Structures are given as C-alpha cells and as structure tokens.
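Novice: Letter by letter, the chains look like this.
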Amino acid sequence: MIFRTLSRSLGALLCAMTLAAPAFAQSVPQELLDNTRRAQIDSLTFCLDPTSVGAPFDRRVAKEIAGALLLNARFADAPSGFALDGAGYMEELQIAMNNRCDVMMGISLQPGSVFPDWLVFTRPYAQVPFVFAVDAASGYQRLGDLPPEATIGTALGSRGEREFIIYNTQQPQSRQWRRLPYADPALMLRRVQDGSLGGMLIWQPALRALGETQSEVAQLRVVPTDPVPVSVVSLGALVSSRDAFLRTQIDEAIGALVNDGTIARLLEELGYEGRPG
Amino acid sequence: MNVPFKHALLAVTALSVLTLPALAQDAGGARSYAPVTNDMILNPPAEEWLMWRRTLDNQGFSPLDTINKDNVDQLTLAWAWPMAEVGQQETAPLVHDGIMFLSTNQNIVQALDAKTGDLIWEYRHVLPELPASYGYQLNQARRQKNSIALYDDKVILATVDAKLVSLDAATGQVVWETQVYDSSLGYSYTVGPIVVNDKIISAISGCSIAQTAGGCYIAAHDVNTGEEIWRFNTLDDPNNPEQQASWGDVPPENRWGGTPWATGSYDPRTNTTFWGIGMPGPYAELVRGSGDGDVLYTNATLALDADTGERKWHYSHLPRDNWDLDSPFERVLIDEEVDGEMRHLLVTVAGKNGIAFALDRDTGEYLWSKETVYQNVVTSIDADGRVNINEDLIPTAIGEEKYICTSVSGGKLWQAGAYSPQTKAFYVPLTEACNTVSASQSEFTAGNAVGAMRFGPRVLPEGIENAGVIDAFSVIDGEDVWRHEQRTVPTSSLLATAGGLVFGGDAGRFVKAFDDETGEVLWEQRLNAPIGGHPMTYQIDGEQYVVIPAGFSAQAGSSASMYPEVPVPSGSGNSIFVFKLPANSGN
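Heads up: the sequence lines are chains A and B, in that order. Its first residue numbered 1, the first sequence is counted upward by one per residue in UniProt numbering. Its first residue numbered 1, the second sequence is counted upward by one per residue in UniProt numbering.
Extracted from the complex, chain B is given alone in its bound form:
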C-alpha cells in the first residue's frame, strides 16, 4: 500500500536529514590521535594550544619564542584557509597532536593538518530549521565565538541550539549530544566551555529574551556522558539574601540578563571556576523596576566551586547598570608577588567601560583598579572595592537622553586581552567611544517585548582623535607600561608570546606584532578583511606558526563612522592566515 510506504519514506528521509550532515567528511583517511589528558589541560605543552586562551587561567600567553623581536619582521605566509560559512569572524583555533580544530559560524568544526592546512574532517552541526521567530539564534549562529574545547579524544562543542556535543577528535563523528536548555525559549550557546577533571563547565546565553525570564546558568556536565552535575543561576540565588535584595521588589520571574558572555577560567589550587556576568535586563532601572539595587550577579565576577557549583564569592564591577555596559569579559588568573607577598590575582578589564580590576581570587578582595579609556559612568571606587556610579546619568524619565562613555559597543568587548609573565603586563584591546542612551520603550512590532532602549551612534569622546587603543599595564599595581593609539579600532583578541611579542589586529585589516616592553610595532601585514577572532600560535617539528583569523567584523562596521578614511570590505572574507619564519631564516 502507498500509505505505509509513504510513512516509511518520510521516516527514512527524516533520518537522512538528521544524520547525513553530521557525518565527517574524511578527506585524508584515518589518522591516529593522542588524547588530551587532564594533566595536559592543567599544564598544556608549550607547543600546543588546547583551549580558548591556551591555559585555564585565560592568560592568552604562549611560551614559544622561536618567533621573536629579532625575526618577526621576516614572517611569511605558510598557508591560509577559508572559513566554511559567512558570519562574524570570532573563531578561536585550537591545536593538538598536529591537528588544528577550527570552529566557525553555524557550529561547523573542521580538523586541519596544522602543518599543511589540509582538511582532515569536517563536522556540520544539524540545526533545526529555524523559523524567523528564532531571530536571536539565527543571528547568534553567525557569530559563534569560541565554541569548542578539547579533552581526552573528544572535541566538545557548545551549539547555538543549546546542545552540548561530543565529537570523536580523530574522525569528527558524534559520540554523544545532549539538549541542555530549551532553545525554543531563546537559550543559545555562544561561547565554548572549559573542560577539566572530567567536567564540562559552560555558560548559556539568550537570557535577555522575554521567555527566558529568571534563568541564566553556568553549569557542569559529565564529559563522558553529558549528564548534568550542577547548575548555578546568575539571576536567582536562593542561598544569598543579599542577591535577592539587590533586585528590590523584582521577583526572579521578572529578571532578565545576567549572561556569562565569555568563557570562564579555572584555578586547580582551589578547584574554583571564575566567570564574568553580563548586564541586567531591562537595561534601565526605570523600566526593570529594581530601584537603586545592585541587581546581582549582573556585571559581577562569580567564583564557584567546580565540583558543586556553590558560590564562594562575588564581586560587582558595575552595580546598578542602566546602560548595557555589561562586564562579562575574560577573567585572567595570575600569581605574582605583591609587596613581598605571593598573591593569587584575578585581573580583568571586566566590562565595556574599560576599567581594569585586580582582585584576590581566593577571597574576592579588591586590590586595585585602573581606567584605560575615557568613561563617565563610574565616579570612584572605594578602598573596599565598592564601585560608585554617576547617578546623574541614570534615566529618570522615558525618552530622557544621556551621553554615556564608553559606548554600548565598548570600551572593551569580547576581544580578549593577554598577559605575559615575562613583563608582568596585561595587554588589552580597547576602543574610545561614547553614545547617547535613552530608555525609549520603542517596541518594533506591536506587542513584541523588544526594543526598550535606544542607543545613538558611536562617536569619539571630545578631544580624542584615535578610536583604537592597545593598553599595557602592570598587574602588580596597574601602572602604565605602554599605550598604542591608532585611528582604527582593534577587532581581534591579543596573543602574547615568550618571544617578547604581542599580536593583534584591527578594523583597518592590519595585523601587528608589538614589542611587549615598548609597544613599538615590529611587524605588520595587511590582510583581506578586518582581523578577527583569537590569534594563537603553535609549534610543529621545531617551526613556530602564528595563526591570524580575518573576516567580517561587526565592530569594524559599527565604528567605521569614526574614521571614514578607512573603508570596510563589503564581503566577509572569513579566513585564517598561518604565518611562520622562512626556511632560511636560521631559526
């Protein structure tokens, strides 16, 4: 009969659609793969780059020094590779056992021979056919930042449809996948996890969408099974009355935001994981109804026990945010001697306002802070670390316009800074910018709970001509080391190396290598598109390689009005460029 045949055909078709794209495209045949052990995660080999910022302390530093101040100007292109999909270039390549793992937009993962650039396998995550009503996920799918991590013989992938997926690192085949959150509500992974001690520690986003009220999470899952171990809600901590009171009369079901937008760090000495948390929603307290409360844990650092998810401490970098100046960016763990005493520091330019903080990461004690770019929101920080805001800038009426520095696009943004233990300096990519902000309640489509704030265009602060800044400062006391200013904004993360170099790139398509002690530009190369993602380095057979992602940059587009003399390409051009020293360089 036709009917059963039709049903069977539909079932087979559905199955095919589900499975075919997930099959690895093995272009090079079977290849052995040495597992990434937990010891390697805790102490990565110098020649490899195993996770987002190479080490669990998020330092973004490589001990490799074959490429150094003396020879960096000889760098030559080894190979290049086009990315698989159009979208914002925010990739963070990883390298282990001679294989580069490249995550890109739409949750595509590619394994490449790190020496030759040849494709080994490709995994294309099967997303459900997202209707236009999944606008947030559709948009975020084109801006996956650093969605993978390596552990054992697996690649762990956090997906835009709120799944964790475990891939066989040798073949790209799916080992397991689990639906962690309900993506139909708006939940979506945009950053990757850390994996340590058999736990995947990850954070979800989409917490400012109407349907996700009251729930935004950092969670741990078993790396072998995907089973959840613990979950911490950044918007609702029933164990902390201070957190509840900080939202005033607003119950958890009316809270939004609190998104951990950047991958956390981990301290094995105390078994603590540190995460930065984003802004509250709605942005303006006039709308969200929280009065003058701090709205914890938004814009805070959270220190959580990695085994249980219990909070150890928190520190608020920007209480009572009214301007979407969220503070979720990389938390960097550094051990340095301060005044004769070894201190276990957490250093971060936590938020868009560009203020650098140093905390004692064992206690959350505030140590020092430093302004890096012009901002007018924080007026002072007390000796005990209490951050005081300029209350004159809080909207008191709908439509009232305030001039806010930095802008909603930063200051600081997702582009991560790097720390060099050789100079004891932290290097941070920044932007000088301001914009107007008003609580406008300007819904787009009728009855649609979107659009409660209005932001003006980005403009340079008065008296400042250069939008782009690389700021280097001491982690001991925040003292300036050097400062590089330029017209165009930095659009990539930074990479520091033992070769005395800091690599980074900008909206003007230049990748540059800075002297880590002076800021002098020792090498620059113009590529096809704004520099993006996370530059990294690795070494194979004694040759050091430097990877520079380039491609479409939202920051380049939104800041172009500040320097019209630098045109932005209309196409994506998403690619990675891999540089090394020439064979006859003597290195």
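Chain A on its own, in the form it takes in the complex:
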C-alpha cells in the first residue's frame, strides 16, 4: 500500500518541517511560539474543536487518516469560544498550529476563506447539509410554504445562514421572510415550539445532537429547504502551508477513505446526513 512505504519518510519529514521557523506575521509575541521540535515519532497530532457538534465525526475521521498513513493519532483541543467577529482567533490558531497541531480538523471549507496564507486546506472528507425543521404539527411541507410574515431562525454565522440571506435578499421586499440569528440551537428549538419561529435552519449534526438532550426535537419535522438552495458544509482540515508533503499525504489518505467506503460508514454510524468527499 502506498501509505506503508511513505510512513517512514513522512515521519522524518514532519521532524524536519517542525524545525523550520515559521515566518508568521507579527500578531503574537514570539515567546508564545514554541521553537522546539515536537517528538512526533510515529504519530500525527490532530486538533479538534471540542465544542463543535461535528467533533465526534472529525475524531473518527482523524483516526482513520492516521491509520491509513500507518501513524498513530494524537489529539489536542483546537481554540474556540471566540466573539462573532473571530477577534483573537487567528492569534490562538497560530499558536496552536505552531505549538501542538499538525492537522486542524473540522474546518468549514468555502470560497472566500479568511484563513491566512500560512495555512492550507486539505481536500474535503465529507459534505454535510443544513436542514430545515418545522413544528411537526404544522402543515408546512417545505420552507417555501412558510408565509412571508413568518420568522425563520438561522444558525448564527453559518453557511446555511449565508445561503438563506443570499436567497432572501434576492426576493422582492414583500416576499422576504423575517430572519433572526441564533447561537443556541436549544433556544431556537424553544422558539419554534412557542410559535415565535416558523422554522429553523440548522446544520444537520447540530439537530441530531440537540435531539440527544432535548426530547422536543421529536416534535419537529425536517422538510426540504426548497426554494432556498440546500447549504452543504464541506468538512476538511488545515495544515501549515509549509507542510506541503503532509498535505499531499492527507489528501491521498482522505481519497482512499472516501473510495473504500470508510467515510460513508462513519457518516452512517454517527447519524450524519451527507456524503463522503
């Protein structure tokens, strides 16, 4: 297998690459950037956002990637919990990517990314959609059934919200829905139940995770987002742009996991909608 022959050279390369001093912009004090060589030996360190609803899936994928490269997966927490504007995020990400992470999992790949050029995306490992949920007792069969006076809740700062806004703002004023952004899926659920919201646009893994703690999710019904285009998050990872060899190896590993059905199996096991790759 291709990865077996490459694993040794990959390990050596990882050591060499972590020696090179990063030429990052001066946004964090140099003292915070560890200049020592990480003792990786036969492992890759994957960073995960522990607050992300996608973290369980990302963790499983990371283990499979490491396994495909005949390496062990180590895990560390990725920075999260920032303000809406992301102030401070790039600084904390820079520290994390320099000091402890080889790979940052669970990244939303999209055009117009704000990530700086010292980071590079891998290929996506899964496409997971947003879904639209309404009160099961309502007669709505699709998002387009909601009258213009209805209010729609969207997951704040999300890909789904983005696509909804793009569609909504292209409609005549009289046909535009009112929309409110929500950071808390449970609060959005309550507002659907009390009738404040006609429905909620939410990432499918978030709805699934909500169902594990809120029995009221059973009273929701997922309907097509039609006529609003379905929003899909391309899940991928970040590596340092100087780790070109690593990125190539991870891309090949993801490709193999997509092709051999591993990603599809993980999606099914975790109850995620969407598709591999």
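Treat the hints with caution; some may be incorrect.
Chain B stretches covered by chain A per the calculated footprint, using a threshold of three residues with CB under 8 Å from any CB of chain A [claimed, not checked]:
#1 203-217
#2 338-352
Here are some chain B residues pointing at chain A (derived, C-beta under 8 Å) [stated by the list, open to error]:
#3 E253
#4 F444
#5 G571
Hint data in this document are derived by calculation from the structure and do not stem from the laboratory. Note that the structure is a prediction, hence the values are computed from the model and not measured. For each residue, glycine too, the CB sits at the ideal point set by N, CA and C.
On the provided structure of chain A, position chain B as indicated by the hints.
Specialist: Okay, now just chain B, sitting in the frame of chain A:
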C-alpha cells in the same frame, strides 16, 4: 485506608493550587500604607496617580511641572522593570504613598517601590485552567488594559475570568473576591473599574460571544463586600421603548455587542457616571436582522446615575454600525467657558472613525464635532446631533466588499487622549487607515458561530503617506491647535502635564515629548519595543518621574505593512521605563 488518604491528599492538593499562587511574595517586609480616601479619589494629590487617567474626569493630565519644556531634553533613566508576563503591553501604572501598582497580563499585580523600582509584593491571580474552548479569555488574558483601581487600603482588580478581587494594598493578600459573571459563557473583564463613594463601577466584555446574547453590563458593587448594587444592560433597556425599537424586530436574546471597552468617567457634581459603548453584533445589519435601526445603545455614550444605574441620557455617535467601527473610548469631562457661559462638557473621540464630539454632559446635548482623520462612513452631523451615515457603504449582499475608512483597527483605538486645562486642548493619538469589509459568513470550524465578517489589510488612504497622527484641538469649538504626523502609528496613550508637555509613543519604539502649544518634539528616546500602555507621572521627595511602558503591540504588528522600513521586534520586551531629571539639573 488508601481511599480516604487519597481523597484527603487530593483535597489538600486542590487547596494548595488554589491558594499558593495567590500569596503575596513579600520581598521587602511589612510596609505601612496610607489609605486612599474618597476625598483623594475626588481630588487626587498632584504628585500621585490614583486611577486610570489620574482623575475621575479621565483627563489624563498631571499638574506636575518639575519636568517641563525647558528641561525635558535632560531626562535620564531612573530605573526600569520587566513585566511579569508575555502579552500586549496595555498597562496603566498607578502610584500612591510611594508605591507603584502595576497590573499586567494574566491579572498579575505587582507593588513596586516607586522611587527605587524594588518589588514589594506580587499577586498572581489564580485562573482556572482554561481549555482551548475558552479561546476568547485566553486571548484577552494577554491584553489586560488597565485592570486595577485604588480605594481605601485596597487594590480592586477586575479579572479575565469575570471576577472582582479586593487586595490588601500593603501586602497583596486577597481580602475578598466575587464571581460577578459566568465566565464559561464568555464574559471577561478587560478594563478596570472606577471606585468612588464606596462603589466599584465596572463594565464587562465578552458580549459578542455566542453564549452571551442579550446581556452586556455596566454594574456597581459594594467596595467593602463585593455585593452587587445595580446592573445596567447595554443591550436591553426595558425602560426605554426607543432603545427596544432601535433593534427592529430583533429581541434581546438575539442581540450581541454593546461592550463598554474603556473605563468610564464620573462627575461628582451630578453623581453621574459616563461610559462609552462598543459596536453591535453581528456587525452587518444584513446578518443581524435589525434593518435600518440605530441598534442602541451600541456606539453611544451612556450617562447613568451612579447610585441607581438609571439612565439619564444617551447619545449615539454612530447609529446603524455595519463595519465594527465601535465607539467605546474614553469619555473626558471638562468644565470650560463657552461663549461666556460655563459649560460642563463631555469631550470624546468616541470611536474608531476618529470623529471628536463635544456634548453637554448634564443633558447629552450635542455641541460640536470634528473629523480628525480621513473617514468615509459619516456623511454629516445635524445641528441636533443626529449622525448621518453613508448608506452606500452598507452591505446589501453577502460577500459584497466595501472600502471603509477608518479601518477596523482605527482611526482611534484604546489608546487614550489627554486634556490640558492650560491650553484647553485635547490631544489624541490616531491612525490614518482604511480596509475593505464584507459580510462574508465565513465560519471557521463547521457549526461554530464565529467569523461573520471579513476585513482586508490596513492600507493608507489615497494621497496620505503618514499613518501616525497626534491631533490637538480646542475643546471650546474643536478648532485645530496643532497636528503632528509621522510614518509610524501611535501605540500608547497620551499624558499631558502642567510642564507644557504631551508624552506619547509609537510603533517605531520612540517615546516623544511634544510642546503642548506647538507640537514641536522636545525630547525623544528610542526604547526596546513599541511604546504601549498608558504613560503617567508622579513625584516623590520633590523629584518628578515619568513612566513609559513599552512592549508587544498588536497595533504595531497590524500596521507594519504601511511602513515596511520600520521593523517590529519579534519578542515582547514588556517593560516599564521610569525617567527623571538628573540630580544636577537644578530642578
């Protein structure tokens, strides 16, 4: 048995972890300390610096004049001190009874002999072990701005984990501490309080984090017990229908922002405290859903009764913000005669767009305004003070890019201006810069509600070559007094003195003393790092000292692309440098 022993050991270990770092490191033995009385707070001794901007009116002026225009070029280093932690240099040293209280990153407080620079005690706040998911607090812990205040025999500390802590000023021992807000939601103190009339008046930040929706507060606590007296929510005022309507259909639970990012001021004549409020969240109305509403009290000045927290008035410096041009900066209280009438002014360069405002602080009445740097967002200000914005710059589509001046990093930023009653001029550190802004909805990690805006790099406005500006203007009518321009941006607050001087420093590591009447540079000294924090001055045994903080500056880093000929140090070098006149100077 092993199990009880193990439990006991764990308990003791936990207790030790909790208490050991909080113990003061008394390096100099017991030392007497004269309490800071309320009268001193209201009228500080000339030779001391008791609070953020020395006086409750936030003027940043010292009546000391031993160091003056005639001798400032003789300044020599008295002593220097390295800061305790790495991070952004935004410290505001305080001095009382011969002791300098130095707050620094990670909520470390040090007491130093102000004459010799010797350590007296050090307090290290015990933060919980913050996981990576507390990214905002981890980041803010490295940029504590001015987190302490003095009162009675206490040092009051506002912490990154949303606590108020009272320290014994003589020893650094904790007297009491109270958890004011739930830091697990994202709340965090980044600026210090004012303390007057036995009340700690403070403001919280972290109000743009997803979990803090609907609640951003200015609050008062009992200085002796830490008990809350009142709390005012800048995002939700049920007593003001105008405020509620200004958010359109957006209920409080879907509102973010409104953070009071700078320490407020206080007028004892009317028992009123004044606070500047930051931007709304999400930044773009296209995303936040507030339509064309003013989204009060974001970007406003709030005048609150200091006993009850009830709103007296508000004034909106930038309604309907779409670009994170927030307006929370220092509100300066000045009494001056205008057209033969004594006016009680509030003067402020309130926001990042650099527009100076003068208001009647008793009523909130708008008096005048003045642009200080190039900006393209505000088109006009009506006679009644209504601020009109350039609606062509409001994003109407996701991804639509707008060219906005000033930039998201200002214009004006946290670096405070200073007022001299001798010249009746207000001196302000500013930056000429623009950037592109778009509502991008570019979430970072999937499902993470962060990253709703995208900002381009800072660039100089067309036709402008100097990024750095010190602007001096009259508080009577906003007329220009002088203007100093330079390539590098100012990175420290300013200090005005009765010696006819204005001190400040820049990203190029120069601290400068300007003639307060002409702007002429009378003295400059290059230090080890960008000048930062809040320069201040004090006097002991007839000798006047000037304190200059230097160290890591985010502004220096983010603006370096505008003047590549000036390299920024890669290390922090966070230190304070204390200057005085040489012994044989005859002063």
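Novice: Compare the structure with each hint and give your call.
Specialist: Hints versus structure:
1. 203-217: Per the Cβ count (6), the hint holds.
2. 338-352: violated (count 0)
3. E253: B/E253 check passes; min Cβ-Cβ to chain A is 6 Å, inside 8 Å.
4. F444: Holds. Min distance 6 Å.
5. G571: holds, 5 Å
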